[in-house]
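Build the complex from these two chains, which are given one at a time in their own frames, with help from the hints.
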Amino acid sequence: MKSRSFSVRAGCWTKAGEVSLGQNKNMNMLWIQSGSCGGETISFLNAEQPDIMTAFHLLNIELLWHPTLGSIGGHEVIPVLKACTDGSRPLDILVVEGAVYQGPRGTGQYACFGGRPLMDWVRDLANAAGYVLAAGTCASFGGIAAAGRNPMDATGLQFYRSRPGGFLGENFRSSSGFPVINLPGCPAHPDWMVETLLDLSSGKLNLSDLDRFQRPRVFYGKLAHHACPRNEYYEFKASAEMYSQQGCLFENLGCKATQCESDCNERLWLGRTGSCTRGGFPCISCTSPKFPDGFVPFFETRKIGDIPTTLPLDVPKAWYVGISGLAKLACPERLKVNAVSFKSVETEGETKS
Amino acid sequence: MKERTFAISPMPRVEGDLEARVHVRQNRVTEAWIAGVMFRGFEKLLIGRDPMDALVFAPRICGICSIGQSTAASDMLGRFYGVGMPENAYWVRNTVLGAEIIMNHQTHFYLLFAVDLTHPSLKGRPGYEEMCRRFHSLEGEAYLDVLKNRKTILEIMGLLAGKWPNSLAFQPGGVTRPITRSDRLRMLGVWRSVREFIEKRVLGGSLERWLEVSSLSDMDRWLGEASHADGDLGLFIRYGREWGLDTLGKGQSRFLSYGAFPRPDGSSLYKSGFSDTQSVASLEPGSITEDVSHSWFLESHSLHPYEAKTASDVHKEGAYSWAKAPRYQGYVTEVGPIARLIVQQDPLALDLVKELGNTVYTRIVLRFHDLMIILSAMETWIRSMDPEAPFYNKHKPRSEGEAFGFSEVSRGALGHWMQVKNGIIVNYQVISPSTWNFSPRGFKGKPGPVEQALTGTPVTDEQDLIEVKQIIRSFDPCLFCAVHSGGIS
Numbered sequence: 001m002k003s004r005s006f007s008v009r010a011g012c013w014t015k016a017g018e019v020s021l022g023q024n025k026n027m028n029m030l031w032i033q034s035g036s037c038g039g040e041t042i043s044f045l046n047a048e049q050p051d052i053m054t055a056f057h058l059l060n061i062e063l064l065w066h067p068t069l070g071s072i073g074g075h076e077v078i079p080v081l082k083a084c085t086d087g088s089r090p091l092d093i094l095v096v097e098g099a100v101y102q103g104p105r106g107t108g109q110y111a112c113f114g115g116r117p118l119m120d121w122v123r124d125l126a127n128a129a130g131y132v133l134a135a136g137t138c139a140s141f142g143g144i145a146a147a148g149r150n151p152m153d154a155t156g157l158q159f160y161r162s163r164p165g166g167f168l169g170e171n172f173r174s175s176s177g178f179p180v181i182n183l184p185g186c187p188a189h190p191d192w193m194v195e196t197l198l199d200l201s202s203g204k205l206n207l208s209d210l211d212r213f214q215r216p217r218v219f220y221g222k223l224a225h226h227a228c229p230r231n232e233y234y235e236f237k238a239s240a241e242m243y244s245q246q247g248c249l250f251e252n253l254g255c256k257a258t259q260c261e262s263d264c265n266e267r268l269w270l271g272r273t274g275s276c277t278r279g280g281f282p283c284i285s286c287t288s289p290k291f292p293d294g295f296v297p298f299f300e301t302r303k304i305g306d307i308p309t310t311l312p313l314d315v316p317k318a319w320y321v322g323i324s325g326l327a328k329l330a331c332p333e334r335l336k337v338n339a340v341s342f343k344s345v346e347t348e349g350e351t352k353s
Numbered sequence: 001m002k003e004r005t006f007a008i009s010p011m012p013r014v015e016g017d018l019e020a021r022v023h024v025r026q027n028r029v030t031e032a033w034i035a036g037v038m039f040r041g042f043e044k045l046l047i048g049r050d051p052m053d054a055l056v057f058a059p060r061i062c063g064i065c066s067i068g069q070s071t072a073a074s075d076m077l078g079r080f081y082g083v084g085m086p087e088n089a090y091w092v093r094n095t096v097l098g099a100e101i102i103m104n105h106q107t108h109f110y111l112l113f114a115v116d117l118t119h120p121s122l123k124g125r126p127g128y129e130e131m132c133r134r135f136h137s138l139e140g141e142a143y144l145d146v147l148k149n150r151k152t153i154l155e156i157m158g159l160l161a162g163k164w165p166n167s168l169a170f171q172p173g174g175v176t177r178p179i180t181r182s183d184r185l186r187m188l189g190v191w192r193s194v195r196e197f198i199e200k201r202v203l204g205g206s207l208e209r210w211l212e213v214s215s216l217s218d219m220d221r222w223l224g225e226a227s228h229a230d231g232d233l234g235l236f237i238r239y240g241r242e243w244g245l246d247t248l249g250k251g252q253s254r255f256l257s258y259g260a261f262p263r264p265d266g267s268s269l270y271k272s273g274f275s276d277t278q279s280v281a282s283l284e285p286g287s288i289t290e291d292v293s294h295s296w297f298l299e300s301h302s303l304h305p306y307e308a309k310t311a312s313d314v315h316k317e318g319a320y321s322w323a324k325a326p327r328y329q330g331y332v333t334e335v336g337p338i339a340r341l342i343v344q345q346d347p348l349a350l351d352l353v354k355e356l357g358n359t360v361y362t363r364i365v366l367r368f369h370d371l372m373i374i375l376s377a378m379e380t381w382i383r384s385m386d387p388e389a390p391f392y393n394k395h396k397p398r399s400e401g402e403a404f405g406f407s408e409v410s411r412g413a414l415g416h417w418m419q420v421k422n423g424i425i426v427n428y429q430v431i432s433p434s435t436w437n438f439s440p441r442g443f444k445g446k447p448g449p450v451e452q453a454l455t456g457t458p459v460t461d462e463q464d465l466i467e468v469k470q471i472i473r474s475f476d477p478c479l480f481c482a483v484h485s486g487g488i489s
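Chains as they are written, first to last, in my numbering: chain A, 1 to 353; chain B, 1 to 489.
This is chain B alone, in the form it adopts within the complex (with noise of 0.2 Å):
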């Protein structure tokens, strides 16, 4: 039979603007190309300016990841100047970023997602009624439920942040904003009222029974306890293997984090490092590179970020991205939700991917399970703020130097690199999670981890590409941020 190609763009209800081609032949995908078909020009925005002025350009990379984008200019920022933060601030931080995390994964799966569930080419499909009546796109019972009350969380925002998206609340030093106890007892009551929605939208039961579970089979087992199987996540598990989605978009199985939500003694929720899943090795920031050969930048060898040094060339051959391949030493790497649970040895991770390998499910799953984490943390990170500390150093001025700050955000892991000379930015790289992910083929045509994972997939209608857009949907694409950087020849 012959091969065919199809392109879908613009691809819908993905953050960003992002174009898929495919090959098919006998009704599966036997290759995949994925780029990111606008080219913003952050980083070079940025260069001839102040140090400090990354704190109002970073958050404007991306309007989804705003307080993220903060946190690692932010953290790049403190390095640079080399000023640590009051315990406060780590706590104002955690709850901030936590927050943003929380209301991105449930807008991720409810509008951007789920909807992919009750599409017409899936009709007679168990369950599949249930779904058109919870995810229907603008009138789903939890579509709507959703859009009103994924809102509840900012009010945990507004009271720490000031405003949403672009905040300046995160410096170098600290937060700006100092709280009172009857903040604190407010912020406990919106995290409460989060709390029992969740509890009754997405879980059908408790936060608490739900962290407890560790496995596949203590997976079922919760779904068969109390009213469970009744909720959205429930719905999901129990319909989601029996539509094949456990072996749709298996990828690859390299896993970096940067570590995220740290604590004042040095510890952190989540450890940062490297894993092919049978280990985990310590994070070498230097191991780090973007490989440009299938991008539209003019060099076509690997480069750290402080070494990259790019311009734009629309008309290079074999280019098909705006985005940029990063690669950790050398290999093509997940970032996600997935991957910080893989590196910090969650046992519920660890035992999904074992038994059914990094699948649409898995990503699903696993995103829902780092919401509850990080929900739960967030109370004592609340508990933690004490009205009557500092929440900020001043730093002095640097005029020369470079630094770099880490974060992960909803899609993964995130980074910033500045060189400063002068008192001026003279070059800043930004590799952001969907950059990672959604990466072009990089050195001798390897495809990135997207592409890895659309490669073998059936499909059951070449005009509509259902399994296609779940695939890439899975892993949450934000192509806002991940199209990058450069200059301009």
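In isolation and in its complexed conformation, chain A is listed as follows (with noise of 0.2 Å):
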């Protein structure tokens, strides 16, 4: 019988002043930080309803160590670590935030843990795992980490932007025989961590769940767009001219939310009160594996002639002229105003009843 008892605490000192490691949950978790800034944990902490420590229970996930949380360090943490690699503590799941470093020149030395380069460790626990998860853009596919030229060599894990392989290679599977589920965004919203935890925990996720770049779709299906406020001005095509405006800002102002798979202006952050468009600033699509080269310039529209060449995602371009070339003849008048106003103007024909 699994234990009832609602303690996580794993990773942590014990009465007796011993590392516990954890007791018979469900499954455990270990996190583990790569070339990273530490903004998925963030983000992770920001979860609620439920909040992390909610989750655990609920899902009867215990923690085995995780970088911030727990108490454990130094020449404790260690031994757990390869406890998991040499298979006497089964690992379940393994999150990894951040990309993986390989350089220079392939001795992954730019970030080391306990005297080892990352790199190492990371495919060591890889390869114990039931499941891998890869919180973030850089860790599903190389993200801000890999921008550029990519001087740290950095890579995500089993992509490396949007060409399959990265760091594990195409063909890795973990041990339940999934590939590394992707979970990206610059951070991921904390949701998208928990539920799919759920998922996991509850033996509901299936391969065919996830899409071509091993999201899952139910959070990766849908567009930035969806749910955006300014979703009238953008019917109409009535576009800010610059920021703290209220028009759309996909027009003139560089916003990527037509094309962002992501559910995140359904979801919303922080308490359930903003979103990127919300906050009055472009979407950069954060989410793609081509983040954030693709996307440029953020805070402005490129444009051929009049004709944007940042196109809604599945959008012909010919319909595109057409329809935004009759709704701008069609936008009314409340529209073409407040496009270009900071707060709320009311004009004539507005209150008619």
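Hints in this document: simulated from the structure, not taken from any laboratory. A hint or two may mislead.
[Said to hold, decoys possible] Now the stretches of chain A that chain B is said to cover, found in silico as 3 or more residues with beta-carbon under 8 Å:
{"no.": "1", "region": "32 to 41"}
{"no.": "2", "region": "107 to 113"}
{"no.": "3", "region": "236 to 246"}
[Claimed, not checked] Which stretches of chain B does chain A cover? Using the computed rule of at least three CB atoms under 8 Å from a CB of chain A, they are:
{"no.": "4", "region": "58 to 72"}
{"no.": "5", "region": "107 to 115"}
{"no.": "6", "region": "134 to 144"}
{"no.": "7", "region": "157 to 169"}
{"no.": "8", "region": "174 to 188"}
{"no.": "9", "region": "391 to 403"}
[Claimed, not checked] Which residues of chain B face chain A? A partial, calculated answer using Cβ under 8 Å:
{"no.": "10", "residue": "Ser-9"}
{"no.": "11", "residue": "Arg-40"}
{"no.": "12", "residue": "Gly-48"}
{"no.": "13", "residue": "Asp-50"}
{"no.": "14", "residue": "Met-52"}
{"no.": "15", "residue": "Leu-147"}
These figures come from a predicted structure and were not determined experimentally. The beta carbon of each residue, even a glycine, is placed where N, CA and C say it ideally should be.
Dropping the structure here:
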């Protein structure tokens, strides 16, 4: 029988002053930070309804080790990791935050952990794990860490940008038979982490639930454009000309929300209070394998003639030109005026009953 | 007795990757080395890009202080493009940065620092059982309470900055998100909840009463009043000195602050300057240099960030860190809440440092003090936001020149420097607070602030080195961004 205790305190000091390796929970989880900024950890800590402690309890998941949570460190951590890699402590879920730094010259020495390249830890732990989760765009695809000329020789776990392969290779499968499960986003929304853990702990995730970039379709099957409060402005091509204005950010100010596969504008962030476009700044498509270099310039819209080069994902150009021309003609005065105002302006006819 | 060397690697519960090595003789640390063990090459990533790209890359340098990085980068770009901000933008930026600092200070104490007060080797000390009841990781009452409630303030951040980490709401010329009257009311409501939580959990009494505390003896008087002794700060103040934390980790005495939370009239909540605790000199940005004599970078003399052109060298003799060694007028210098309070000539900070020195105890108490000052000011900032007035000024393009941007973040002074030619970035340098505090040895082998604070530390258990860890954590290390820069040879 599974333990009914609600303790998740693995990776902590016990009262006897020893390191607890946890109890027999449904599943355990180990979180390692590779070439990261810590942003995925911060985002995960921001989880609410359920918050992370409630989630661990609800899902009966024990935290084996996390670099910020728990108490152990130094000489106490390495044995925990080794117990996982040598099989004496089965590891159910490995979460990797950050890109894998392979530089300089394939040695991985740009990032060490306990005197050993992190790269080597990531490989050994991934090979031992039941499931491997890539938290964030860097771990999934390389992301910001692999931008431009990629001086750190950074890569994602199983993709390098859009190309399958990455650090572990295209054929990698964890012991459950799954490839790396990618949860991109810069950062990933905490719900994406918690809900994926729910699916794993209840055995509900199927291979067919993942999309072409190994992302759970349930989060990445929508566009950041969906539920954007500026959608009426978008429909009539009533566009903001500078930041702080209320109009659509697509035509002039670089917004890529119609290309970004993510449900973040429906789900919302930080106590469900905000999102990028609600914050008045453009979506830069941070869940994409092509982030960041595929989305420059970030703050203005590149155009040929009057037509943006960054059209919505599956809208043919000719249709876009036709529809947007008509939409502009049909645009109500209310939207024209408010699109270029930072505050709500009343126009004639608005209050007609 | 023989001298022995111990390494703490990996150092847990710090933000980012850090290793400490200490020499111990007769149960005392005789010498210490602090190393950043991850190289992230961020500044190199920015070379060749549009200056505005800094807004996307800067917050991603550090997921912990991402707003702080955005503040410095947008301040720098505002200076570069020569564009000023409307009044509202000051209040919004101060509020969002303040929210990040308030949350980070709580995270630091409860999730990272106080856990050490529950270490099994400390059993038997007065108050130990109570420390465990509150601060045990993942089960202590206070730990869990804060893990849940630290997030309340994020609702203010969500309204003004959209998401966190990694917002793009701070632009040269202002902020992207105007507010309505209902937003303002909602933010005041959230602020009130945060204040009530801090008063109950941390202070055991009113915010105003704490802000009147102006000396060590005054603080002891405060402790005796109301239920102050039962708050988490009271508990720390009560037992911290009994446990000797007031003599642990005595650091050097030069402090730097870039000043923070500017107001439209040119004044600010925190002044900028450089202080040896006796007097304060005005800040001269030209006096900041970076030394790489003990870092894995090629050149070996000190340079101003505008001149820095570094390339990595993993085989360099005598080098032991990916962090560089920033110096002010050549001096080893500490930054952080304690530094901005001393530069501000805050009476409590000056008295604590005079009576007890710059120790683990002082740093922790003053980090809370910083939190209370910012929390109190935040109400005024929110009330000052005017929904009827503008939030943003558009800038004109510029393709040549250089600029710097400064901010104070949770851990202290943060600076960005950028040079632009033909519309693209040709040099970008970041000096983060932990680069100052956790700097390796510099010129003539003079140790950095934390290395100095560790020297002379008593060691009760060579296996655990708990005192060493407490000292390191009292500086609130964040090595995500301290480990630096430069290029690849």
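Comparing the hints with the structure gives:
{"no.": "1", "hint": "32 to 41", "in the structure": "holds (count 8)"}
{"no.": "2", "hint": "107 to 113", "in the structure": "holds (count 5)"}
{"no.": "3", "hint": "236 to 246", "in the structure": "holds (count 3)"}
{"no.": "4", "hint": "58 to 72", "in the structure": "holds (count 6)"}
{"no.": "5", "hint": "107 to 115", "in the structure": "holds (count 4)"}
{"no.": "6", "hint": "134 to 144", "in the structure": "holds (count 5)"}
{"no.": "7", "hint": "157 to 169", "in the structure": "holds (count 13)"}
{"no.": "8", "hint": "174 to 188", "in the structure": "holds (count 6)"}
{"no.": "9", "hint": "391 to 403", "in the structure": "holds (count 3)"}
{"no.": "10", "hint": "Ser-9", "in the structure": "holds, 6 Å"}
{"no.": "11", "hint": "Arg-40", "in the structure": "holds, 7 Å"}
{"no.": "12", "hint": "Gly-48", "in the structure": "holds, 7 Å"}
{"no.": "13", "hint": "Asp-50", "in the structure": "holds, 6 Å"}
{"no.": "14", "hint": "Met-52", "in the structure": "holds, 5 Å"}
{"no.": "15", "hint": "Leu-147", "in the structure": "holds, 6 Å"}
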